[in-house]
Amino acid sequence: MSTFTLFCLIVVLAVIGFFAGRHKVNSQSKPLHSLPRYYGTYVALFAFIPALLVLLVWLLASPIFLGKTIASQITADMIPEGGSAELVLSDVSRIAQGLRAGADNGLILTENINDTVNLAVLADVLASSGVFLGGELNPDVLQLALSYTDAAAFSHFLMICVVLGLAMAGFVFAYGRVNPEFWARNRVEQTYLGVLILAAGLAILTTAGIVLSMLFETINFFQLHEMRDFFFGLNWAPNFHGDSELSILPLLWGTLYISLVALLVAVPVGLFAAIYLSEYASKTVRSVAKPLLEVLAGIPTIVYGLFALITFGPFLKDWFGDGGFLGVNWMGDARSVATAGIVMGIMLIPFVSSLSDDIINAVPQALRDGSYGLGATQSETVKQVVLPAALPGIVGAILLAASRAIGETMIVVLGAGAIARFTGNPLEALTTITTRIVSQLTGDGDFNSPETLVAFALGLTLFVITLALNIVALYIVRKYREQYE
Amino acid sequence: MTASAKSKSLYDVSDHTKRRNAAEKRFRRYGQGAIMIGLLMLCMLVYTIVSKGTGAFQQTFVTLNVELLESKLDKKGNRDIEDIKKVTTFGYAPLINTAMEAAVSDHGVQSDLKSKEMAKIISKSAPAVMRDLVIADPSLIGQTVELKFLANSWIDGYLKGRVTRDSIANNKNVSSEQLDFVDLMVDAGVIYKGFNLNFILGADASDQRPEDAGIGVAMLGSLAMMVVVLVLALPIGVAASIYLEEFAPKNRITDIIEVNIANLAAVPSIVFGILGLAVFINTMELPQSAPLVGGLVLTLMTLPTIIISTRAALKAVPPSIRSAALGIGASKMQSVFHHVLPLAAPGILTGTIIGLAQALGETAPLLLIGMIGYIASNMPETIAQGFLSPNSAMPAQIYEWAKRADPAFYERAWGGIIILLVFLVTMNTIAVLLRRRFERRW
Amino acid sequence: MKDQAMTTLETSVTDQNNKFSANNVDVYYGETHAIKDVSVNIENNTVTAFIGPSGCGKSTFLRCLNRMNDTIDICRVTGDIRLDGEDIYNAKVDPVQLRAKVGMVFQKPNPFPKSIYDNIAYGPRIHGLFKTKADLDGIVENSLRRAAIWDEVKDRLDAPGTGLSGGQQQRICIARAIATAPDVLLMDEPCSALDPIATAQVEELIDELRENFSVVIVTHSMQQAARVSQKTAFFHMGNLVEFGDTTKIFTNPEDPRTESYITGRIG
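Protein chains in written order, with my numbering: chain W, 1 to 485; chain R, 1001 to 1442; chain D, 2001 to 2267.
Next comes chain W alone, as it looks inside the complex (with noise of 0.2 Å):
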C-alpha cells in the first residue's frame, strides 16, 4: 500500500465518519446542542487528525532514524580509499531505491537477492531504474542495502498499521461520545483554534529552522576551520586542496561598500521622492508618480542584475574604462562597486521612498498648521519641523532598506565581481557575503569540506547582522508610530 493510498484511506474514512456522527445525533429525536454537522465534523476530525500528523511524522522521521541505524552499521572496511563514511551511505541508500524500484518493475525479487546473485547482473538491473554505481559493487555495502530495504519495508508496513489503527480508534471513540447532550460545536472550534495556533506557531518554526540549519553546519564548519581566521583573517582564498583562507572580513567590506553606495543614491533620491510626494505633489501627480515609482520595486533582482551587467556596467566603462570618453584608465572590469551598488540604488529608490512617504504622511497635520501658522515656507517646515518629527521612522526605513541592500543577492552576484579584497576604488570589483555563498554552495566541491561549509556560517552571520538591523529599525518605526497614534 502506498502512502498515498493511506492517505486516501483516512480521508474515506473521515468522510464517513462525518456522515455518521450525523447520523447518529439526527437519529435521536432529542434536541441537539449543536447543529448536526459540528457532530458529523468532530468524529471526521478525530478520524483525521491524530492519523495524519503520526503519519507526517513519520515519514519525516523515518528516513533519519533508518539512515542512522545503517550509519552505525558501516565499518571501515567498506569506505574505498578517498571516500567517506557519508558517501557510502548515500551508495546504501542510492542501491535500495534502484532495489525497489528494480522490485516494483519485476526486473528482481527482493527475496532473492543474497551474496549468491552476480554482482554485474544486479549492477544493471540497477542501471536500468536509473542508479549508476561509481565503481564496483561492494557485497558488504549490497548486504547493507538490503537490509535498508527491509528495514524501510518494516518502517513502511509499521506507520501504515499505527496510522490506520489510530484513525480507526479516534473514529470509534468520537462516535461513542457524540451523543445530543454533547458540546460538540465548541469540540470543533476548539481544534480548528489549534489547528490555527499551529499555522501561526509556523512561523517560530520557519526561524527556528533557519538558526538551527545554519548552526549545525556553523559548527562543522568551525571544527575543521579555525575560528579566528574566519572573523578576524584578512584573506578570502578558497583552495579546494585544502588549506583555504576562509576570513568573513573581506566579504562584509565589500558588502557594505556596496551597500553603501547603493544607499548613497536611494536614500537622498527617495527621501526627495517622498517629501514632494507627501507634501507638494496635486492629487494628479502623486496618483501617477507613486505607482510608477513602486513598479521599481516590483521589478525581480535579476532584471535589475542583468541590467548591471549588460548594460550598466559596460555603461561605465565606456567611460572611466581603459579608452574610456574621459581617457583615464579607472575601470578594468565592467563588473564593480559602483555597477552594483548604483543599480542597487535604483532598487531601493521606491523602498525608500515609499516607506518614508507613509511615515512623513504619519506626522500630524497640526505640526504642519503650527509652523505655516507661524509664517514658515513649506520647504521650512518640512526642513524644520516635519522632517525632525519624521527622523526617528525615517532612519527605521534607512535601517530597513540597508538590510535589504546588505543581503541583496542577484545584482551583486552579476554586477559586483569575485574579487575579495580591501580596496576604497568604487570603480573595482570587490566580492560580498551573498555572492560567497552563492559560489562556494553552488560549486562542485565535497559538501563537508570547509570550503563549502563556510557558506553555512556565512549566511548565519548574515542572518545576525540582517536580524539585528530589522528589529532595531523596526522597534524605531513602532515607537515612532505609537508617538502619534
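Note that these hints are calculated values from the structure, not bench results.
Cβ coordinates follow ideal geometry from the N, Cα and C atoms, glycine included.
Restricting the straight-line Cα-Cα distance to at most 27 Å, the calculated cross-link-like pairs of lysine-lysine (DSS-like) are: (1) R:Lys1018 to D:Lys2092; (2) R:Lys1025 to W:Lys283; (3) R:Lys1025 to D:Lys2092; (4) R:Lys1193 to R:Lys1116; (5) R:Lys1086 to R:Lys1124; (6) W:Lys383 to D:Lys2133.
Covered stretches of chain W (chain D as the covering partner; in silico rule of three or more C-beta atoms under 8 Å from a C-beta of chain D): (7) 364-371; (8) 375-389.
Once you have looked at the hints, place chains R and D on chain W.
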C-alpha cells in the same frame, strides 16, 4: 529687530522673504528632480528590456527542400523502426548539405563556398529535428519534404544587427564569406526572419545552440512552484492571520510571533535558500532541483507577506460586524468564518497575488537548491514529474542564460525577462483591479 | 466690488481703531459654499469672539484672516479682507509675511518635537528677526513671560516641548506665536483640549494679551466668549448672523437665531 515685518507694508516683500522664497523653489525642484530621476530610471529599464529583448521573439529560419534518401536513412529498405533508429544524427547531416546545394542552384545564387560551409549556417539542431521527424513518421523516407530549419545564432545575430563583419574578424564559427552568402540567400527568400514560438514554448538548449533555446519548460517549472506556494501559503497564511488578529491573547508569546513574522519578511531571500538546502534537501532528502522544493522554499518566503496583508484586511473589517454576529448568538469562530473572512476576502486575495508575484520573480534561493545550471531540455510528462523531476524556473533560466558568455544568450535573457514581466504585470493588474472593485470604505 | 465695500461700510476702513476689516467674504470648499457674504471689523486691543454651532464656518473664516486656507487646494476665497487697510489677498502679498503679522494658535496644542527654546525661537529664526544670540534669548524670554509661562519653564528651556502638560503646551504655543511680534493673534478654540484649570489660565492670559494685540478667538463655549471677549460674532450655517458688543449679544440679541443659540435651542 532688523527685518521686522511689523512696521512695513504687507505689499513690500522683504529681501529676506525673497531669499526664503527662492530657497523654497530650490527645495521644490530637488523634489521634482528626485521624482524625475526615479521615473527616468524606470524608463531606462523598460527601454533596455524592450529594445534588447524583443529580438528573442524573432528568429531566423532557413527553408530547404530535403530529400530524405532511403539509401542513407534506411539502407535495408524494410522501414523497420529499430533499424531507422540506429541511424544517428550524423547520418542526417549530409542530407542538409545536399539540400543546401539544391537550394543554391534552384535560386541561381553564386557562391564560392563549399556546400559544407554553406550548411553550417543552419543550427546544429537540424539533424536531430529531421531524425525525430523521420522516426515519428518513417513513411517520409524517400520523399522530398520542405523543412524549416533554424539558422545558427551567428546568422540570426547578423540579420538582427548584433553580429557584423567587423565583430567576427577572428571568429571560428562564422566567416564573412558565409555572411555574403547569407545576404544572397535572404534576397532569394530562403533565409528569412519569423515569429519565434519555440522561444516561448520550447526547452532550453545547450550552450552550443542559443538559437534553439526556449523558456517554455522553465515556465512550467515556475507554474508548478506557484501551485505549491498557493496551495500551502494561502491556507497557512490565512489561518495564522486569523489566529493572530482575532484570537491571540495579548501576551509575550503572541508578541514574539508577531515580531518574528515582521522580521521574517525582511530576511534576505538567500537565507531561505540555505534553509531549503539544509532542511528539504539534506535532511528530508527531497529531490534536488525539483519545483516541489523550490515551491516549499518560496512558500516560507511568501508566508510573511501574505500574513501581513491578510491581517491588514482583517483589521479593516469594522468591529461592529463582529459584535453584530456575536450579538445574535454566533460563536467567535462562526463570526470570523461567516462574516469577517468573507468581507476580508478581496484584501486577502490581493495580498496573495502580490505575494505570488514576488515569489515568481525570486531567484536567489533557487540558486542554492539546484534549479540553476540545469539544462531544462525535457518537458515533464506527468503532473507528478512536473513537481518532482528536476526543472528550472523562469528567473533561474534567465540567470543561466545571463551567465553563458555568448551574446546570443543575452538576447534570450532579456526576452525571458519580457515574458516574466508580462506575468508579473498581469498579476499585479489583477490585484489592483480586485482592490478597486471590492474596495470598501466603512 | 471695492467701491461697494466702501459704501456699505458703516465705519471707514481707515478708522484708526480697526485692525482687520472684512467685506463681503465668500469661501468655497470645492462645491460647498462655506462662508456666505460675511463682513466683520476687528478692532485694535480688543478680544473678538466668533461663536456658533459646529460647522457654521467660524473656524473657516478665522483661517481666512491669515490665509491658512491657502494650504488647502480646493479652497477658494472671494471678497475683501484688509489688514491696516492693505488687501491681504493682493497678489503682491506674500502669505509668509502676512502670517508673521497675524499669528495663530490652534485647537490642539501642537508644540514642535523640539526643545521649548527652539519652539519659541522657530518664528524669529525663519523670519530673521534677530541679530545676535542675545537678541534671540531676549525674544524667547519676553515671549514666554508674556505668555505667562516663563516661571514654569525657565529652568528647562532645553527640555522637549512635548513633555509639558496640555495647558502649558498651549501657552508655549501662544508664546511661539507672540515671538514673531504679530499685530493680531488668531485662536482657534484654544481651550477645547484643555481641562478647566488650564482653561482658566489661558483665558486669563488672553485678557492680558489684549493690551498688546488684537485677539480673535473662535470658541464653542458661550461662557468663554462672554468671559473673555468685548466683541462677539455669531455665525450660523456660513452666515454672519449678528456682530456686536459681547454684552449686547448675550443680553439682548437682535436676531432670533442668536437668541435660540445662546439659550441652548440650536447648536
